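Novice: We have chain A already, so just place chain B on it with the hints.
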Amino acid sequence: MAKHQLINFDPIKFLGLENLTRKDKEALTPKLIAKISEYLVIRTVEILPEKILRGDLTPETLLKKAQGEIPDYDKRLRSFLEDFKTEFQENLRSHG
Amino acid sequence: MVEAQAVIEQAGTLETAGTILAAADKVVSRARAALTPARRQKAGRIAGLLTAAAAITYLLFAGGCAAPEAAPPPPITTPAPPWLKLTTPSPSPPPTETREPTRTPTLTSTPTPSSPPTPSETPAPTRTPTPTSTRRPTLTDKEVYERTEKLLSATATAVAIKGADNSFVPEGPFRQEHFDQVRGGTYSLTIYYEGVPGRRVTCWLARAEKSSDGDEFYYFITAEHPLKPFFAGSPVSTMEIAQPDKESSFPFARAWAAALTEDDLAVIKVEFEKNHALLADPLPWRDNVEFKKSEPIISVGYPGVFVTENTIVAGEAGKVTKQIAVDSLRFVWVTTLSSRGGSGSPVAIIDEAGELTVWGVLSGMDKENVERPQAVIRNLKIKALIDSPDNFRPIPLTNTSPS
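These protein sequence lines are chains A and B, in that order. If you use this note's numbering, the first sequence closes out at 96, no skipped numbers anywhere. If you use this note's numbering, the second sequence closes out at 1403, no skipped numbers anywhere.
For reference, chain A alone in the conformation it holds in the complex (with noise of 0.2 angstroms):
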């Protein structure tokens, strides 16, 4: 995956949200950033091993020992930002 992707990625592009005002994309911009991180935590906490998940961790060293720990972790990553999109729109769907 291309550098430039990573340094570009954008919750309100992501998620569909494009139409929004300047001013809600910038106020709901890091407040989906932590919504998201918060499901990926969560989603890694799922899989990971119960060995692994003993002790002290910090979202930082979860991280780090999932990438040692699962193959292809940034592959479940991206499945899980697709899960994320996918109940987001279903949920924003029914609302409307």
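Simulated from the structure, these hints should not be mistaken for lab results. Any given hint might turn out to be false.
As the list claims (entries may be wrong) - One-sided and incomplete, this derived list gives chain B residues near chain A with beta-carbon spacing under 10 angstroms:
hint, residue
1, L1021
2, K1026
3, P1037
4, A1384
As the list claims (entries may be wrong) - Here are the simulated lysine-lysine pairs, BS3-like style, with alpha carbons at most 27 angstroms apart:
hint, chain 1, residue 1, chain 2, residue 2
5, A, K85, B, K1026
6, A, K23, B, K1381
7, A, K13, B, K1293
8, A, K23, B, K1228
9, B, K1228, B, K1293
10, B, K1026, A, K31
11, B, K1293, A, K31
12, A, K64, B, K1228
On a predicted model such as this, the values are computed, not experimentally measured, just so you know. Just so you know, even glycine gets a beta-carbon here, dropped at the ideal spot from N, CA and C.
Specialist: Positioned in the frame of chain A, the structure of chain B alone reads:
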């Protein structure tokens, strides 16, 4: 994506932010509910530690996979900065730098230095590699140190051969007088702890004031991370503020420290044993400066490899390459090199009035640009910190000089 837009259009001006956040909350809640109670508790504890910086670390790994539709623009190749041209003894020619494409002015999510490696004395442990990753791997902290120190060491050697004691080469709007001004207000800060490795970093004078009793107090700015052991309770055994290039040391009677941890900023307030006429004027500075991409900057500091090579002072002109803000935290990338000992170095611009103004301190190194790691700078937010005496904790000292 089309569906989400359609929903928003359909509903007109929905109570958008609330609706969107509720939809996101629901996704998170459902994922949490799917965990066993023990794992739910564990995930809650870990997620509770998610700072803005940690959150964007996750998106470093996840986000890159999530934006496949954007075709990567061609890389922009820029020449190496002038000081690199001095590296005659360098074992290999400096690589060209590939920059990121221009970003939108709105600062949004991106990978960041969530924990940019800090230029401390002790390198952070190396990261476990991900052998199956399809992404280009980032450098480990250790590799970043090795690479930057090799470049800096070669530069320092070349400068020493020329008989100079600093690496500054006038460039862009920065002339020798600007370098001299920043250099005059920049000091090395050596701090040793009892039972914890000590370190030597860089600090700069931001304010000098006289109390009604006639006592003089000086406020030095540095990065917070070298002071973490102190704020965590480790006693400070030795502290020294000096200008090694001028062979000047300034023993002091009392010291205090205050910090903004998330911004990696610290203020050290000292009362010297006697009034020191040798101290230059404080450097002009400003909090929360807004700047543009490609804005020229100058940085001056005392990276350890320079001192080893007897070159002493590293001065470098560079440019802002990108900036990222999440909540109130802002990270700025510049094309200067960072190395152990450089933490806390002042980073200045020429402001709209043509005056040199410090706007940030060197905080860490970027691991994404594998060809030439850049420095990560944190914006100043120090006025409120300096102005309130309640923010300061006394630093009890057993010595004031490491010698």
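Novice: Against this structure, judge whether each hint is valid.
Specialist: A quick look at each hint next to the structure:
The restraint placing B:L1021 at the interface with chain A holds, with a minimum CB-CB distance near 6 angstroms, inside the 10 angstroms limit. Given the 10 angstroms rule on beta carbons, the hint for B:K1026 holds: about 5 angstroms separates it from the nearest Cβ of chain A. Look at B:P1037: its Cβ only gets to about 12 angstroms from chain A, farther than 10 angstroms, so that hint breaks. Restraint check, B:A1384 versus chain A: the minimum CB separation of about 22 angstroms is more than 10 angstroms; hint violated.
Using a Cα cut-off of 27 angstroms, the hinted pair A:K85 and B:K1026 holds, with the two alpha carbons roughly 12 angstroms apart. Proximity of A:K23 to B:K1381 is assessed by CA-CA distance (about 24 angstroms); at most 27 angstroms being required, the pair is judged to hold. Between A:K13 and B:K1293 the alpha-carbon distance is near 22 angstroms, which keeps this suggested pair within the 27 angstroms criterion. Distance hint between A:K23 and B:K1228 is unfulfilled; the C-alpha atoms sit about 37 angstroms from each other, more than 27 angstroms.
Using a Cα cut-off of 27 angstroms, the hinted pair B:K1228 and B:K1293 is violated, with the two alpha carbons roughly 31 angstroms apart. With a CA separation close to 14 angstroms, the supplied pair B:K1026 and A:K31 stays within the 27 angstroms bound. In summary, the hint linking B:K1293 to A:K31 is supported, as the alpha carbons are separated by about 25 angstroms, within the 27 angstroms threshold. Straight-line distance between C-alpha atoms of A:K64 and B:K1228 comes to about 23 angstroms, which keeps the hinted pair within the 27 angstroms bound.
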